[in-house]
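Peer 1: Sequence:
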Amino acid sequence: MNVVVFNCFDWKEYHFVEKFINEGIEVIGVGEITDPQQEFLYSLIGRNARFTWKNNPREFTVGDSRTVVISFQKSPSEMNEIVNSCLPKGEYYILMEEKNRKKVEDPAHNEVVILIPPTVGPWMSEEEFKKVSKNDTVLFVDDLVQSVYDLTQEKNKENLLHFTYQEDTDGFCLGKRKVSTFSSDQAVQKVLNHIEQWKDIYYRLK
36 MNVVVFNCFD WKEYHFVEKF INEGIEVIGV GEITDPQQEF LYSLIGRNAR
86 FTWKNNPREF TVGDSRTVVI SFQKSPSEMN EIVNSCLPKG EYYILMEEKN
136 RKKVEDPAHN EVVILIPPTV GPWMSEEEFK KVSKNDTVLF VDDLVQSVYD
186 LTQEKNKENL LHFTYQEDTD GFCLGKRKVS TFSSDQAVQK VLNHIEQWKD
236 IYYRLK
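The sequence shown begins at 36 in the numbering used here and counts up by one.
One or more hints might be untrue.
Cross-link-like lysine to aspartate or glutamate pairs, in silico, EDC-like; alpha carbons within 20 Å at most [to be verified]:
{"#": "1", "residue 1": "Lys234", "residue 2": "Asp70"}
{"#": "2", "residue 1": "Lys213", "residue 2": "Glu132"}
{"#": "3", "residue 1": "Lys213", "residue 2": "Glu193"}
{"#": "4", "residue 1": "Lys211", "residue 2": "Asp177"}
{"#": "5", "residue 1": "Lys166", "residue 2": "Asp220"}
{"#": "6", "residue 1": "Lys213", "residue 2": "Glu202"}
{"#": "7", "residue 1": "Lys47", "residue 2": "Glu202"}
{"#": "8", "residue 1": "Lys213", "residue 2": "Asp203"}
{"#": "9", "residue 1": "Lys225", "residue 2": "Asp205"}
{"#": "10", "residue 1": "Lys241", "residue 2": "Glu132"}
{"#": "11", "residue 1": "Lys225", "residue 2": "Glu193"}
{"#": "12", "residue 1": "Lys192", "residue 2": "Glu146"}
{"#": "13", "residue 1": "Lys134", "residue 2": "Glu53"}
{"#": "14", "residue 1": "Lys225", "residue 2": "Glu162"}
{"#": "15", "residue 1": "Lys47", "residue 2": "Glu61"}
{"#": "16", "residue 1": "Lys166", "residue 2": "Asp45"}
{"#": "17", "residue 1": "Lys169", "residue 2": "Glu193"}
{"#": "18", "residue 1": "Lys47", "residue 2": "Asp70"}
{"#": "19", "residue 1": "Lys166", "residue 2": "Glu231"}
{"#": "20", "residue 1": "Lys165", "residue 2": "Glu146"}
{"#": "21", "residue 1": "Lys234", "residue 2": "Glu74"}
{"#": "22", "residue 1": "Lys134", "residue 2": "Asp171"}
{"#": "23", "residue 1": "Lys241", "residue 2": "Asp70"}
{"#": "24", "residue 1": "Lys89", "residue 2": "Glu132"}
{"#": "25", "residue 1": "Lys225", "residue 2": "Glu146"}
{"#": "26", "residue 1": "Lys241", "residue 2": "Glu163"}
{"#": "27", "residue 1": "Lys89", "residue 2": "Asp45"}
{"#": "28", "residue 1": "Lys166", "residue 2": "Glu132"}
{"#": "29", "residue 1": "Lys192", "residue 2": "Glu133"}
{"#": "30", "residue 1": "Lys124", "residue 2": "Glu146"}
{"#": "31", "residue 1": "Lys137", "residue 2": "Glu161"}
{"#": "32", "residue 1": "Lys241", "residue 2": "Glu162"}
{"#": "33", "residue 1": "Lys211", "residue 2": "Glu189"}
{"#": "34", "residue 1": "Lys109", "residue 2": "Glu74"}
Label pairs and their computed distance ranges (CB to CB) [as the list claims (entries may be wrong)]:
{"#": "35", "residue 1": "Arg136", "residue 2": "Asp205", "range": "17 to 25 Å"}
{"#": "36", "residue 1": "Leu240", "residue 2": "Gly210", "range": "35 to 43 Å"}
{"#": "37", "residue 1": "Lys89", "residue 2": "Asp171", "range": "34 to 42 Å"}
{"#": "38", "residue 1": "Glu133", "residue 2": "Glu74", "range": "29 to 37 Å"}
{"#": "39", "residue 1": "Lys190", "residue 2": "Gln232", "range": "13 to 21 Å"}
{"#": "40", "residue 1": "Lys124", "residue 2": "Glu231", "range": "39 to 47 Å"}
To be clear, the hints were calculated from the coordinates, so they are not data collected in a lab.
We treat Cβ as the ideally placed atom computed from N, Cα and C, and that holds for glycine.
Please take these sequences and the hints and turn them into a complete structure.
Peer 2: Structure (structure tokens):
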């Protein structure tokens with residue numbers, strides 16, 4: 036098995052790269068480095084033997100082993116474009132914001148579409164964090180990554196999934212499975228702590 040992660044130096048995608056590498060899985064990261072913060076994230080994983088970076092998916096081909104493709108998309112039209120392109124061929128996991136739920140049609144190519152709630156985590160910009168953390172409930176990025184990783188290890192899964200918030204536990208479920216290990220308040224606090232820890236290194240980069 037190998038994994039392809041599109042836009043691998045965006046903050047959420049970076050967490051997927053890191054997770055699969057730590058699980059001992061070969062990762063191909065696709066995406067341009069467009070700012071100093073992304074350059075910094077590359078410096079953390081660029082020399083890892085399990086990581087290969089490509090600017091464009093046309094620059095590489097995958098072998099005969101199982102290939103999992105992780106991609107965040109802003110809209111159903113973007114999702115359809117990337118799936119229909121079939122570059123590279125593989126088992127697609129498409130993540131989109133929950134607000135697109137009514138626009139998403141049934142997956143046409145056996146891709147798994149996952150609608151996600153507002154999400155916070157380390158390495159997101161302070162501006163985005165301030166905006167997203169105003170939501171009543173948020174999902175911590177590690178819980179998102181772990182839930183998708185678990186899906187890649189299952190043989191049978193639905194093609195359209197979404198997270199539901201359980202008020203009694205202050206956490207999210209994906210399908211019938213509880214995935215939150217951190218409450219919304221805990222998730223926000225963890226990001227605040229991360230910003231404080233890295234404010235003079237990562238967060239000063241523009």
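Peer 1: Evaluate each hint against the coordinates.
Peer 2: For each hint, the structure was consulted:
1. Lys234 - Asp70: holds, 17 Å
2. Lys213 - Glu132: Roughly 19 Å separates the two Cα atoms, so the pair holds.
3. Lys213 - Glu193: holds, 16 Å
4. Lys211 - Asp177: holds, 19 Å
5. Lys166 - Asp220: Cα-Cα ~15 Å, so holds.
6. Lys213 - Glu202: Holds, because 12 Å separates the two Cα atoms, which is no more than 20 Å.
7. Lys47 - Glu202: Not OK: Lys47 and Glu202 at ~25 Å, beyond 20 Å, violated.
8. Lys213 - Asp203: holds, 12 Å
9. Lys225 - Asp205: Roughly 16 Å between the alpha carbons, so the hint for Lys225 and Asp205 holds.
10. Lys241 - Glu132: Violated. Lys241 to Glu132 sits at ~26 Å, over the 20 Å cutoff.
11. Lys225 - Glu193: Given pair Lys225, Glu193 is violated - Cα atoms ~31 Å apart, limit 20 Å.
12. Lys192 - Glu146: Satisfied, since the Cα-Cα distance of roughly 10 Å is no more than 20 Å.
13. Lys134 - Glu53: Since the Cα atoms of Lys134 and Glu53 sit roughly 27 Å apart, the hinted pair is violated (cutoff 20 Å).
14. Lys225 - Glu162: Distance of about 16 Å is within 20 Å: holds.
15. Lys47 - Glu61: Distance of about 18 Å is within 20 Å: holds.
16. Lys166 - Asp45: holds, 17 Å
17. Lys169 - Glu193: Distance ~31 Å between Lys169 and Glu193 Cα, so the pair is violated.
18. Lys47 - Asp70: Roughly 16 Å separates the two Cα atoms, so the pair holds.
19. Lys166 - Glu231: holds, 18 Å
20. Lys165 - Glu146: violated, 32 Å
21. Lys234 - Glu74: holds, 16 Å
22. Lys134 - Asp171: Distance of about 15 Å is within 20 Å: holds.
23. Lys241 - Asp70: holds, 7 Å
24. Lys89 - Glu132: Distance ~26 Å between Lys89 and Glu132 Cα, so the pair is violated.
25. Lys225 - Glu146: Judged against 20 Å, a Cα distance of about 32 Å means the pair is violated.
26. Lys241 - Glu163: holds, 14 Å
27. Lys89 - Asp45: Within the cut-off at roughly 14 Å; holds.
28. Lys166 - Glu132: holds, 15 Å
29. Lys192 - Glu133: holds, 19 Å
30. Lys124 - Glu146: holds, 11 Å
31. Lys137 - Glu161: violated, 30 Å
32. Lys241 - Glu162: Between Lys241 and Glu162 the Cα gap is close to 12 Å, so the pair holds against 20 Å.
33. Lys211 - Glu189: Within the cut-off at roughly 14 Å; holds.
34. Lys109 - Glu74: Measuring from Cα to Cα gives roughly 23 Å; hence the hint is violated.
35. Arg136 - Asp205: 17 to 25 Å: holds, 22 Å
36. Leu240 - Gly210: 35 to 43 Å: holds, 38 Å
37. Lys89 - Asp171: 34 to 42 Å: holds, 39 Å
38. Glu133 - Glu74: 29 to 37 Å: holds, 31 Å
39. Lys190 - Gln232: 13 to 21 Å: violated, 40 Å
40. Lys124 - Glu231: 39 to 47 Å: holds, 43 Å
Checked against the numbered hints above, the structure violates hints 7, 10, 11, 13, 17, 20, 24, 25, 31, 34 and 39; every other hint is satisfied.
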